[in-house]
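> Given next are the chains, with one letter for each unit.
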Amino acid sequence: MTVTPGSPNSRLDPEPIPRRDLLGLASLWSAASALLFAALGAMRLPNAAIVAAPSKSFGETLPESLPAGEAFIPAHRAVAIFRDSEGIYAISTICPHLGCVVKSNAEGFECPCHGSRFKPDGTVSKGPSPLPLKWLKVKAVNGGFQVDEATTVPAGTRVKA
Amino acid sequence: MSAPATPPPALQEFKDNLRAAPRRILETAFRSGNPSTDRTRSTFIFSNVFLHLHSVRVHRWTLKWSTSMGLGIATTAGFLLTLITGILLMFYYKPYPDAAYQSIKDIHFVVPTGRFIRNIHRWAANVMVVTVILHMARTFYTASYRRPREFNWLIGMGLLAVTLGLSFTGYLLPWDQLAYWAITIGANIAQSPREVTDAIGITGWFDPGGMQKFLLLGSDTVGPEALIRFYLLHVMILPLALMALMSVHFWRIRKDGGLARPADADQRLGNAPGPVYPVFTQAPLKTYSLAAIVRGRTPAVGNGPENTVPSMPHLFYAELGVFMLTTLVCLALALIADAPLKELANPSIPENPAKAPWYFLGLQELVSFSAFVGGIGIPTLVLAGLGLIPYLDREEAGTGEWFGGPGGRKVVFQALVVGFAAALAIESFAIRFGWIREWYLAVPQFVVTVLNPGTILAAVYGFYSVWLVKRYKSTRAGALGLFTCFLCGFLVLTVIGTYFRGPNWVFYWSPGDWPRH
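Sequence lines, in order, name chains A and B. The first sequence: position 90 = 90 (the working numbering), numbered continuously. The second sequence: position 50 = 50 (the working numbering), numbered continuously.
This is chain A alone, in the form it adopts within the complex (with noise of 0.2 angstroms):
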């Protein structure tokens, strides 16, 4: 078709669109949103739905002999029980700043990787970690005890024996 230049075109009457260009626009925008989400539906699939990871929570019974301020680390598990006059309680060993397994000394714990400091209450007492070590849920279970390194506790929570 020829368009006669300088002709306006009234919103009555409005210039066609060529079918070739509608043709082509069509599949342009048919495969743009096709790709786009192809896309999208392709990041999907790698954020799986269920986590395959070892169970959170586990049970555990401590020695009879523990001193106060001693961790008692299980075996394969980045936590550490510790048994006061107040009760039971637990932390994760885990440095808030890059994920190293910290180590329980006197003094608190502290990290191999990069120098965090923290002190017997998990706060941070040097070093590069933004956040204190998390304080585990603990629950009192026949004899024994259950630790979910899933949920937090807030600092200080302890559990009676």
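Worth flagging that the hints you see were computed from the coordinates, not collected in a lab. Careful: at least some of the hints might be erroneous.
[Stated by the list, open to error] Below, in silico cross-link-like pairs of lysine to aspartate or glutamate (EDC-like), each with a Cα-Cα straight-line distance of 20 angstroms or less:
| hint | chain 1 | residue 1 | chain 2 | residue 2 |
| --- | --- | --- | --- | --- |
| 1 | A | K134 | A | D121 |
| 2 | A | K134 | A | E64 |
| 3 | A | K119 | B | E427 |
| 4 | B | K355 | A | D121 |
| 5 | A | K56 | B | D220 |
| 6 | B | K342 | B | D106 |
| 7 | A | K137 | A | E149 |
| 8 | B | K473 | B | E396 |
| 9 | A | K126 | B | D220 |
| 10 | A | K103 | A | E149 |
| 11 | A | K56 | B | E225 |
| 12 | A | K134 | B | D207 |
| 13 | A | K103 | A | E86 |
| 14 | B | K355 | B | D338 |
| 15 | B | K64 | B | E319 |
| 16 | A | K160 | A | E64 |
| 17 | A | K134 | B | D220 |
| 18 | A | K126 | B | E438 |
| 19 | A | K137 | B | E396 |
| 20 | A | K134 | B | D198 |
Assemble chain B onto chain A, guided by the hints.
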């Protein structure tokens, strides 16, 4: 009836064809015949799908050793070596925890040539990282990123990022202590935007850091899911991305008019040492009707073939020479030093000190003050700054010359002093006196994120280069200063992270002073 003295014509023809077959296969593969004249040397290139990424003729400036030092080709050679050795390693490697470690052990101790192949893979990857950085520095200091090569500089940034990504993902695969803890730290760096979202208090509903880490690991800790993802990235996704970017990178070198050279390169080179032959000894076989419909000015327009030589053999033999030299270096290193393999990964006890590959130790040094600044903030700033250089520096003086542009060598020397001094000063201060939290325990994290050695160093370098822009009235002068400072900072932090940090990331003058445990 006696038998005919000569075989029937059909049989004779068959025998002749059979005899001629090898020659004809060669002729049909390389249609142009022996590349001995200008014309056959040209057709040798443009009738070959792989070679025609090169232009048919190349300027004599390009072949000067000081123009490129062959660093791009050396990087490509490193990539090809890792590609071939990587495919060989895949014969035995099993991407599953513990099995992965055992298979690397098998490759090291049992598989014929396994240890040598793995060593070459590791050394070629290291060589590739070194040459890609040097190649970037060469391109920067010769101001080769300028118009019309701006976009190829950006492609180069992409190649740098993918190269580092390949190294990082390869680091996990042996599943030893070194790998496990380096990747734990790396994955938590991906999560470090939380340092900022926590400080503002929006992590609950907007958590890009957590999303990144989960996407990378497929879980909340480094486990089988993470290993298969890193393997997939290392052997499939990133190599494909690298090859795609490389193709564009090479193609654009040609389309942007070859390597950058000074405007007066022809005068500087003087006359060709040998006799100069006319380019076309016969009338051109092709007409250039396409040129009539392509509008605009390409870099080749208006440039005659003077001072160019055929790419075959001059350029190709030079490239082959660099390729063989790189191979020699990688093989020699592979014979001298073994790729490391520590104990099997143990998620309960971190390696102490847990160090990333050497080229990330500069960042790890910054991370030891603030995870976000060292892991995300500074790298993003550096990549964005480098990427913007060709779009901010629109000048023309000094293109194609080493340290070309206003200020030139003087700025570079001054920036070397400033860059080293600033990095050493801030690091010495932090090592000697500690940082804010050791003086005021209750300081909010936000303050530490904004004020730490990394941000202060970046600010010093930034102000210095802005001052250079004003002093020399030239963006190029500022860029020269900033880039030089960046290299100095990278070097200082990397050396400190590599040689002077021991257990618990404490400063030691030498590894001999590390406490025994």
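> Now, for every hint given, state plainly whether the structure supports it.
Results for each hint:
1. A:K134 - A:D121: holds, 10 angstroms
2. A:K134 - A:E64: violated, 25 angstroms
3. A:K119 - B:E427: violated, 26 angstroms
4. B:K355 - A:D121: Cα-Cα ~28 angstroms, so violated.
5. A:K56 - B:D220: Holds: A:K56 and B:D220 sit about 11 angstroms apart, inside 20 angstroms.
6. B:K342 - B:D106: holds, 14 angstroms
7. A:K137 - A:E149: Distance ~7 angstroms between A:K137 and A:E149 Cα, so the pair holds.
8. B:K473 - B:E396: holds, 14 angstroms
9. A:K126 - B:D220: violated, 26 angstroms
10. A:K103 - A:E149: holds, 17 angstroms
11. A:K56 - B:E225: With Cα atoms ~17 angstroms apart, A:K56 and B:E225 stay inside 20 angstroms; holds.
12. A:K134 - B:D207: holds, 19 angstroms
13. A:K103 - A:E86: Violated, because 23 angstroms separates the two Cα atoms, which is more than 20 angstroms.
14. B:K355 - B:D338: holds, 18 angstroms
15. B:K64 - B:E319: holds, 12 angstroms
16. A:K160 - A:E64: holds, 15 angstroms
17. A:K134 - B:D220: This hinted pair holds, its Cα atoms lying about 16 angstroms apart.
18. A:K126 - B:E438: The given pair, whose Cα atoms are some 6 angstroms apart, holds under the 20 angstroms limit.
19. A:K137 - B:E396: violated, 66 angstroms
20. A:K134 - B:D198: Holds - the C-alpha atoms of B:D198 and A:K134 are around 15 angstroms apart, at most 20 angstroms.
Going down the numbered hints, you'll see the structure goes against 2, 3, 4, 9, 13, 19, while the others check out.
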